[in-house]
Each structure stands twice: as structure tokens, then as C-alpha cells.
Amino acid sequence: CRRLTEQEYSMVADILCEFLEVAIHLILYVREVYPSGIFQKRKKYNVPVQMSCHPELNQYIQDTLHCVKPLIEKNDAEKVVVVIMDKEHHPVERFVFEISQPPLLSIRFSSPLLIRNDTLLSHVEQLLRAFILKISVCDAVLNNNPPGCSFTVLVHTRDAATRNMEKVQVIKDFPWIVADEQEVHMQEPRLIPLKTMTSDIVKMQLYVEERTQKT
Amino acid sequence: MYKMYGGYMAAKVSKLDEQFKLDAPREKHKEGACSSIFSGVAIYVNGYTEPSADELRRLMMLHGGQFHVYYSRSKTTHIIANNLPNSKIQELKGEKVIRPEWITDSIKAGRLLPYLQYMLYAKQKGLLFPGMTLRQTSEIAGPSHRPLQLNARQKLHLPQRSIQASVLNHEQSSSGCQNNSFPHSPPKQSDQSPDLEEQSSSLGAEQRPKPPPPNYHEAAKASESHLLPKQPQTPNQLDKISNKTHPSPASLSLSYSSVRLNGSHHNAFSSDAASLSTTNTAATPDPPTGGLISEFYSHSRLHQISTWRTGFSEYVNELHSKRKVAGGACFAGKDRLRKLVAQRHVDSQGTSAAINVKSCILHVDMDCFFVSVGIRHRPELKGKPVAVTSNRGQARVPVRPGANPQVEMQYYQRKYTNPQPGEIVMSDHFVIENSDSDRQYETASLSMAEIASCSYEARQAGVRNGMFFGKAKQLCPMLQSVPYDFEAYKEVALNMYEILAGYTHDIEALSCDEVLIDGSTLLAEVGVNPDDLAKAIRADIREKTGCCASVGMGSNILLARLATRKAKPNGQHFLKSEEVDDFIRDLPVTSLPGVGPVMGRKLAAMGVRSCGDLQQVSLSQLQKKFGPRTGQTLFRFCRGLDDRPVRYEKERKSVSAEMNYNIRFTKVDEAECFLTNLSMEVQKRLQEAGLRGRRVTLKVMVRKVGAPVEPAKYGGHGICDNLARTVMLAQSTDSGQLIATAVIKLLHAMKLQVQDLRGVGIQVQLLEGNQSVRQDSGGGGDVKEIRQIGRGEEKTSSTTVPSASSLPHPLSPAEPVPGTSKEQPAFRQTPKHSRSRLNLSIEVPSPSQVDRSVLEALPAELREQVEQSWTKRDGKQNNCRSPGTLLLQIPNQPDSPGIVLELPNFSQPKNPLLQLKQPGVGLGRVKRRYKRKNAISPVKKGASPLKKRQMTNSPAKTLAPAVKAREPINVLKTETDPSTSSSHPDIPESVTKLIARPAPALAGACDLTDIKTLLREWVTTITEPMEEDILQVVKYCTDLIEDKDLERLDLIIKYMKRIMQQSVESVWSMAFDFILDNVQVVVQQAYGSTLKIA
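Protein sequence lines, in the order shown, are assigned to chains A and B.
Residues in the first sequence are numbered from 1 upward in steps of one, following the numbering used here.
Residues in the second sequence are numbered from 1 upward in steps of one, following the numbering used here.
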């Protein structure tokens, strides 16, 4: 088995962060964290998606993902979690993107160039599209959130990645902080799997953890 | 061996004798029929008998004999047994071992028959014949000699009544004593019942060598029916009779409902309580089923007290429903309060105004209840250190053989000093130095009778409730002991409840001596302040019961309870909201309700001792340490916050019966029998509560490895491991039989030495109302209410009839009451139905290949399971894992690989799961499977010819071209792959991938559509799923979780839910439940949450 090269990892990170940006916007729209008025319809992965046009929100999301990216590049991010919290800042919903290495990285990529194969990329795009579609209909399987929710992005890192994170601030004055117990702990979570993908470059699954009693 | 029990046993035996003597007149009073046939005879019942030991005891009471719970070579004259193991026969050589028929026949005959024909073992008889004849002559010499043989004590304490007295005099208990000296002769006895006389005379005349099998029930019935008209028919009496012919559970509920009919709620309750207390005799179940356990519970009076709470809760419930119906009840106390207030208004206008108490909870607690009741008629003991205990005086008892109190003391001490007792290596501490024997004797010989309650004077000397009497006596040499007086406790408790009900009905019964009252509305209504109310209540209680009560008041339950601590003894305290902060800060955390010694130690380890300390701990920290709910409660409690309402209606979460005293099994049968009996007890309780449960938990206490075989406390459990296993039944049940089957299977699955069992408990959870009962009574209630409004009161009684008649009728159990004819068949059918399903659910694990104990644990409730330490126990098996074992590891140890499920392949020969995939399977897969097939269970392979065929066939099939729709991704992969260079050149590359890290597959299928087809085939073609197949599916699901493919798992679970629950065969929905339960366990472990199943 061969590991992905740095170059490949950076490409994977690019793809994922792009996807995560779209996904976060869509989640915020679908879960009505922000009024639908600030969202615009766009097209991504060949399907309609909703994107916020609120500059500050967009900047926040971009900055966040900018900081996530190095972690993904180093394969340090285990989970990227979009947490929706109620007024008391207790999580009501967690959209968990669990990222792992592709399982079967065998003989097939003898050449790193291969990853740029268009067929492969379009295949990954297909898979990500499925995620997007799942997110846009996930309100069907979730209970309504209480009013006045906010959101935050958490990253579950592997091992001792946090130490490095403190040293290197990707964006000035936009540091990572260790999540509060309160933000992480959820009472009686119920798990709703949304989508799993396995491609040759990344394996990812998305599931939602929902608090049983939301109000 | 028996004699060596020594002082403790002597005390115990005499205590039991005393109890027997006390019970005897009562029994006779109830029965009305009695004689003194057996005077001078003292029996000891060994093992199971027909009739039961309990019944024999009763008969001995009635007929002047003695009953020994413990065998004494000198005092016991006869041993009664139906059969005995060989060892016991050897041991009892030379003793008279007699079949119980001797007693029943003698009663029938009206005189003491020669026991010779009833000797249990002919061999014994032959051997000892010469000696026996001698004795026998004295035995049959006739009752006239009897009085001479009575020892003095018997004469004094065993009242024997003449027949005339029994028939004519209803107050026998007093007259009985005077009749002691009457000569007793058989003819007189037979006077009492002509039926009996006929029987007896015929028997006596014939003197058959072997009497006919005793028709005991007939005789008993005959005598009863004969006597009935002469006796006042109290509810107890009714109970008793119904019990003769009936399984006991019905009778209690019956007496309850039948009294309800007359509409007097007070009566309803008291008679219920009475029937509770008389379970000694009234609830004696049929001999084959009940015996031991029922006896335990009926004799364990402390247990009865604990059951009273339910009774009192019920009483309060009654009050409420009554009030709903009647619109308003009379509140004697309230009226008095009103008058008081009015009085005061006249005295001084306007002073009582401006009482602004938003909500006020009163916590009424009797001051050392058992003691104050015990000494209320013994003024000389007032103000002295007094303890209520079963021990009478002696503080020291000798040590029994096999017992090693020293070790236990050490253990308990360790346990309390060391917060993690699990880490103690027991065997190390069980090495005892005998050199230290003096000191060992010191501690060992102290009486281990526990103190149930002690007076404040005793408490000052350091005596505490629950302390062993021996130790208490050391601390406080002046300590006096007072015996239990259960009748009085009940009387006083009932009195107290009545008094309180005179004020308000917003009462929550906490125990027999502890009550919560929501005084908010009462105070607002009457316009009195809480202190005055408390004063009035206390004065009332004092006056009517002669005992003191303390009252704590506060704005919530917590504060009220805490205030009580300040109020005690004999006082009252109102904790004002502005004082709360200061008050609570200095309280030790252990004074908070729910903080026991264990949590106290945990908190102390965190450096938290007072509530003030606790306030410094963050909520998240508490929740992390103690779980979300407890953490929150602690967080709130230490700030004096408590939002629990006073609940006058309590919903039961579980119904259980446990016994950890005197559990010593020698054989598996005994344990099984015991479990069956215990299940019947649970059934009884379920039925009493009108509930059915679905989750059955078996809890056992097993002697800890290395602990002494005999614990220091006689019959106690000693040092034990606590284990529990749970199973979900197909549907909720209240049938003892079903529960018994379930728990017996659980027990077997635990693979324990029955000899090491020290305690057994059965708990039933996930309760739901027994619909047939609940609906009916609920409906009745509604109708009642409506009619009440519409027409008036005369309808009440008629509308309650349906609810009463829905219960089995007491006197004619065989034929259903007309009103219930619809329900009864349904009722009978349900258990049968669920039994067939139940069998399946429990037999799911393969007995041959799967480690049952592990598997049985799988469907258990997640938390409980994590708590179990069985991983540790089964840890050894990790290393020698065979393909046939299933292992589930809770990732406690950091190095454990997580969840490992390895299961055998399908064993069912013509299973679609196997066959379906064969045309399409790829070479590698078949190979893999082939390999596995070969690897596991060669025995099984040989046994099944079909399988053999399969084996030979399958290689051939691999030659068939693998034509199979692949996932798009697979197609893509093969397309994009330019090179075929691989580590296995001759095998297609996609297969290599599988070998590298196999994708989860079910019977070779890994494509979703294939799996769905497979599952559909499986469910539709097979009527009863094989357990191994179910396990295979579970394994597949677990693989999916491990492979982080929850999406597919979700799809498959949903698909299975759809097809399995639709299936006509109920076993399929059971199978689904089983699969789901297992999957949820694994999901819980991997993700900390469970799948939401729509």
C-alpha cells in the first residue's frame, strides 16, 4: 500500500474544503439557522444549492475552512462537525463529516499523476453531489430546531494535532480553541446516517446527531 | 454439625419458636379447627414436601405440634421429607424420617397414627426396627400420655384448645390458654366435623398397612366449608379460602377490589394493608410453586414494611380519585385549622394577613419511628438509648464453621477506604494468620443483627441505624433492645396518614413514616402560615399516635427535607428562601438526597465535602463524572434548587423480587426451581400492580473468588460479585412462567456454579399497564364520573362492578365470571403466544458454536451492559478466539481492538442466503468462503450431508463466469486501472482489493441490491430464521459500522424493518428486534449515540 503524496493530499483537501463550504451554507439554509432571505440559489456539482450572500457569514465560513484545510492536508482531521446550538448554546444537532483515508489504496496509483485523471474527479464529484442532495432533503428526517439557533464548526483532530495548531495560526487572530464540554456533549443523541462515500482518494461519511428533546 | 452453630443459632431457634408460638393462636383463631394431636411432636421439614413446609407448619400450629425451622437432634422428634439424597440418609441414620402423609393422615384420623408405615426408607426401617418398636409403643400409646411429655415451656406457651371452645367461642386466643389442662381425646376432636369423623373412623378402623394417598385439599376444603358459617367472614378469611384453591396473586387484588365495592376508601385501604400483613398465611401459594420464596417474603417483615409505601401511595391515590368523584371531601384537620384562624381573627384582627408563601412543601417525618412506636407504651424506656433489632440482648455469638468474619470485615473496610474495590485482588487478603486468633474472636463474635432504628440517645453514643448490634453494644453498653412490632408500626403509620389526609390530599407517601405534603393550596385557602400548620399537624400526630413527628418546611421538596434535619428531634423548621444559601453551604454533600456513601466517596475524591464545595464544580464537570442527569441534579441540589413536584401518584419503573439471604443451592435443579418460584413472586407483584413488563433482568450475587464459603452473617451473602443479564421479551408479560423460562436461560448462559450463588433477583422493566385491567377500571372510572354528574350517587356502585369483576373471582376460579368471559381467553392466550416467540428470542445464539454468555448479553440495555464487568471475566478468551466464537469487547482497555464479531457461516443447508449468491459469486469470494467453511466446525460439516454436497459443489461453481452487476465505483476502478501487476498476478485485481481489506459482505454479497434481494429471499422463504443466520446479519451490520458506512447500515436496517415486521411470522419481528438491539449496542460504542429508527 502506498500513501497519498503530499500533493495528492493537498488536492484532496482542496476538494473537501470546497465541498464543505457548499455543505455548510446549505446546512445553514436547510436547518434555518439564518433567515432564508440571505441565501441565493447557485449551482454546484451540477445541482442547485443555496449560498449565503451575507459577507460576514461568508467570511467566517471561509476563514474557518481555511484553517481546516491544513489539517485535512496532514490527514489530521478526523471529523469536521457543524454544530447547531440552541439559545443556551447546547447543541441540538451535529452534522458530522467523518473523513478517513480511502480503504484500498493498493497498487492502483503507481503514478501520482493518475489522480488528476478526469474520470476520477468526475466520479468524486458525483459522490459529493449525492451528499449535497442528501443535505438538501435532510429536514425530512430531522425534527425542527427551536428558534434562535446559532452554529459553530468543530474539528475532531487525530492525536496530537492540536499542539501544532496552536503554533501555527493560519489566519491571524482566528485561532482554534478547544471546544467546551458543553458544546460537545449532547443529551441522548440519536444518530441519523445521511451519506457515505468511498472514492479512491477519500472516504467520507456524513451523519447527523440529533438531540432527542429539542425544545 | 448442627450443634456447632452455637449461641447464635440457639438464639435464632428460640426466636423462631417464639414466633411460632405467637402465630399459633392467631392461626387457630382463623382456622377455628384445631386439636392437639401432635402435642409433643416436633417436626423438622427437610427439603421439598407435599404439602409444603409452610402448610405443615400451619398444621402443626393447629394441632398442637411444634415446627422446627432448624433441626435439633435433641428436640426434633420427627423429620418430615418426601425424598432425601443419599448423603442425607446416611447423615440422618437413626432418626425418624417420615413422609408428610403421616401428618395429614393423622389429622384426618383425628389422632396420632403410628408413624411406622410412613417411614420414608424401608431400609432404614429394617435396620432400626428393634429400637423403633420401643419408641413406637410410646408414640401410639395415646394422647392421654401427651401432657406428661410436654415440657414446661410448651405448656405455658402453646395454648391448646378444646373442641368446644373452637367451635363455640370466637375469642379463643384468651380462653385457649386456660384450656391447657383439658384432657384431649380423639372422639371429642372428631366432633368438630362430622365429615372428618367419618373419614377418620374408617381409616382408624381399617388400619391399612399403607394409607391411601392423602387427599389433603379435599379434607381441608371440607373442614373449611363446614366451618365457614360459624365464622365471621372477614376479608382475611376470604383470602384464605381463595388461596386454597387459587394461585395466590389473585387473592390480594381481589380483596382489594371487593372492598372497593362498598365505596369506603378507608376500608379499602386498611383491608388491603391487612391482607398484606397476613400474607404469612393468606398468601401461601400452592405448595408446588410458592413455598420458599413466598415464605421468605411473608416472614421478612421488614420487606413488608417496605411494601407498605406502595400501599400508602395507593391510599393517597384513592383519596384523589375519591375526591374527583365526590367533588369534595371532609377535611377534619382543615376545618380545625379554619376554626383556629377564625379564632385568631377574633382575638386580634389582621395579624395573620400578609402571609405570602408562594409554594410550601412540608416534610413530615416521624422521629425514630420504630423506636418511638416500640416504646410508646413503655414509658420507662423513654429517654434511654434504645435500639430496635432482632437480637435480644446478647452482643456476642460464636463463630460458625466455614464462616470467616475477619475476612469480611477486612473486605468491607477496604471497600470503604479504597474507592475502587474492583481492583482489590481478593485472594491476597484471604490469607489469614491464625496467630492473631484472639483479636479475631473479638470482632468475629459480635452479634451481626442489624439495628433497624435507634433512639436519639443511642445516636448520641455513636450508634447508627444499620449498625450491627454487637458493635453498637460496645459503643453504648446501656443500649436496650426492643423487638419489632409490626402490627403497631402499621397501626401508627395508618393513623398518621389518616391525620394528614384530614388536612389535604396533596400527599406523597415516601415510606411508612415519612410523607411529603404540598401545602401551597391549603395554606392559601385557609390563610394560615406554614408554622401554624406544622404545629397543628404535629400536635395531632402526637395526640393520636403517641409518637413525635418532625416537620420541615421549604419552598421545594429538597429544602423541606433538609429543614427536617434541622427540625429533628420533635421540632419543626421553616427554611426561608433568604436563608437557603447560608444554610446549604455548610451542609455535607451526603445530606443531599441521592448522595449515598458511594457518591459521597467519589465527591470526596474530587475534594468536595460540603454543598458549598459542590457549588464550585461546574455543571459540565459534574455531568461528565456522574452522567447528565445525576450531574444536573447535583448541580441544582447543592444550590437548593429542586423542581420535583409532590407526586401523589407514582409510576413504577420496575417490578422486582430479590433474595440474597440463605441462598445455598447444591444442584442446578434447585436453582431453577428457585428461579421459577421467584418468577411467580414477580408475577404476583406485577399482577398486584396491574402491570406487564418487557425487559427481564436476572441479577445474581456470586461468591467472589476466594471469599469464604460461609459468610459471617448467618445465611448472608458475604462478599460477592454482582452480575446481571437482561433479555427483551417479545411482548410485555406478567406471566411468571414466561419470566421463569427467560431467567433460567439467562442463568444457564452465565455459566456459573450454582453453589456459589448467594443472591438472586429478578427485575422486570419497560412496564406498561395491564390493559385488560387498566382499561377496564379506567373506563369504569370515567363512566362513574359522567354518571355522577348526570344522575347522582346511587349509580356509583353499579358502575364500579365491571372493574371488580374483571379480576378473577375468588370462590369460583374455574368458571369465569360472565362479565369476564371475553377477557379471560385472551388473557390465557397471550402468554402462550408469547411463549413460542420467547423461546426463539432467547435461543437465538447458537448453543454449539457461540459463546452464549457473551451473546446473551448483547441485547441488553446499553448502559447496563457497559457497567458489567464481563469483559474482564471473558478477557481470557480474547487470546484464544476461535472462528466460532463471538466476542464483543467494550473498548475499556486502550489496546483492545474494539468490536470483534466473528461468527460461523450459515449452517442451514438450504438457506437462500447461501444459495442465492452462488451463481454470481466471484472466485475470490468463494475461495474465501470455502476456506472458512473448512476452517470451522468439522463436526458439523460431517453431520450435514447437504452441506457436504455444497462443499463439493462450490468449487465447481467458481468456474462459472462471474457475471455480476458491480457498483459503479468498481467499474470505474477497473476501467481506470491500467496495470494488472499485483501481488497475486493470477487473481483479478478487484479481488486483491478484497483480500487487502475486505468490504463488508453478507454471505458473499456486498452490493446493496444483492443484499436486499438476499434478505427478502430469506424472510419470505423461511418461516423461522436460524440463529446463525441472524448472527450473520448482525455481523454484517457490525462490519458496516466498523467500515464507517452508516448510510448503508441505515438503509439495510430500514429495509429489514420493513420486510421483517411485515412478515406474518411474529418471529421475524423478533429477529429484527434482536438484530437492531445488537446493532444499537455497537453503534453506541462507536459513536456514543444510537440510530434513530423512524
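It should be emphasised that the hints constitute simulated quantities derived from the structure, not laboratory data.
A virtual CB, placed ideally from N, CA and C, is assigned to each residue, including glycine.
Treat the hints loosely; a few may be bogus.
Said to hold, decoys possible - Below, simulated SDA-like cross-link-like pairs (lysine to any residue); rule was C-alpha separation at most 20 Å, straight line:
no., chain 1, residue 1, chain 2, residue 2
1, A, K214, B, E1042
2, B, K1054, A, K214
3, A, K79, B, D367
4, B, K625, A, V184
5, A, K79, B, K1054
6, A, K79, B, Q1084
7, A, K134, B, K1054
8, B, K566, B, Q753
As the list claims (entries may be wrong) - Here are the computed distance ranges between Cβ atoms for each label pair:
no., chain 1, residue 1, chain 2, residue 2, range
9, A, T212, B, A539, 34 to 40 Å
10, A, V137, B, L619, 34 to 40 Å
11, A, E6, B, I1093, 57 to 63 Å
12, B, E579, A, V137, 22 to 28 Å
13, B, K625, A, Q213, 19 to 25 Å
14, B, K625, A, Q101, 31 to 37 Å
15, A, N143, B, T521, 21 to 27 Å
16, B, T521, A, Q213, 25 to 31 Å
17, A, E6, B, K751, 50 to 56 Å
18, A, Q213, B, K535, 42 to 48 Å
19, A, N143, B, A461, 56 to 62 Å
20, B, S618, A, E18, 47 to 53 Å
21, A, D139, B, I1093, 26 to 32 Å
22, A, D139, B, E579, 46 to 52 Å
To be verified - Partial list, derived from the structure: chain B residues whose beta carbon lies under 7 Å from chain A:
no., residue
23, Q616
24, V617
25, S620
26, A1086
27, Y1087
28, K1092
Review point. Can the restraint linking K79 (chain A) and Q1084 (chain B) be considered satisfied, given a maximum Cα separation of 20 Å?
Key: Answer holds: K79 (chain A) to Q1084 (chain B) is near 17 Å, not above 20 Å.
Point to revise | Agreement of hint Y1087 (chain B) with chain A interface, Cβ distance less than 7 Å | key: This interface hint holds because 6 Å falls under the 7 Å limit.
Practice item. Measure nothing beyond the straight line between the CA atoms of K1054 (chain B) and K214 (chain A); if it is 20 Å or shorter, mark the hint as holding. Key: Given pair K1054 (chain B), K214 (chain A) is violated - Cα atoms ~24 Å apart, limit 20 Å.
**Study point:** C-beta pair E6 (chain A), K751 (chain B): status relative to the range 50 to 56 Å that was hinted
**Key:** 54 Å, holds
Check your understanding: Taking the beta carbons of V137 (chain A) and L619 (chain B), is their distance inside 34 to 40 Å?
Key -> 36 Å Cβ-Cβ, so the 34 to 40 Å window holds.
Check your understanding: Does S620 (chain B) meet its interface restraint, that is, does its C-beta lie within less than 7 Å of any C-beta in chain A?
Key -> Check passed: Cβ of S620 (chain B) comes within 4 Å of chain A, closer than 7 Å.
Review point. Does the Cβ distance between E579 (chain B) and V137 (chain A) fall inside 22 to 28 Å?
Key: The hinted range 22 to 28 Å is violated for E579 (chain B) and V137 (chain A), with Cβ atoms some 57 Å apart.
Review point. Has the hinted range 19 to 25 Å been met by the Cβ atoms of K625 (chain B) and Q213 (chain A)?
Key: About 22 Å separates the Cβ atoms of K625 (chain B) and Q213 (chain A), which means 19 to 25 Å holds.
Exercise for review: Measure nothing beyond the straight line between the CA atoms of K625 (chain B) and V184 (chain A); if it is 20 Å or shorter, mark the hint as holding.
Suggested key: Holds - the C-alpha atoms of V184 (chain A) and K625 (chain B) are around 15 Å apart, at most 20 Å.
Review point. Does 47 to 53 Å hold as the CB distance between S618 (chain B) and E18 (chain A), or does it fail?
Key: Check failed, 39 Å falls outside 47 to 53 Å.
Review point. Is 21 to 27 Å a correct range for the gap between the Cβ atoms of N143 (chain A) and T521 (chain B)?
Key: 37 Å, violated
**Study point:** Proposed proximity, Q753 (chain B) with K566 (chain B) (alpha carbon, max 20 Å)
**Key:** Violated: K566 (chain B) and Q753 (chain B) sit about 50 Å apart, past 20 Å.
Figure legend: structure checked against the earlier numbered hints; hints not met, in rising order: 1, 2, 3, 5, 8, 9, 11, 12, 15, 20, 21, 23, 24, 26.
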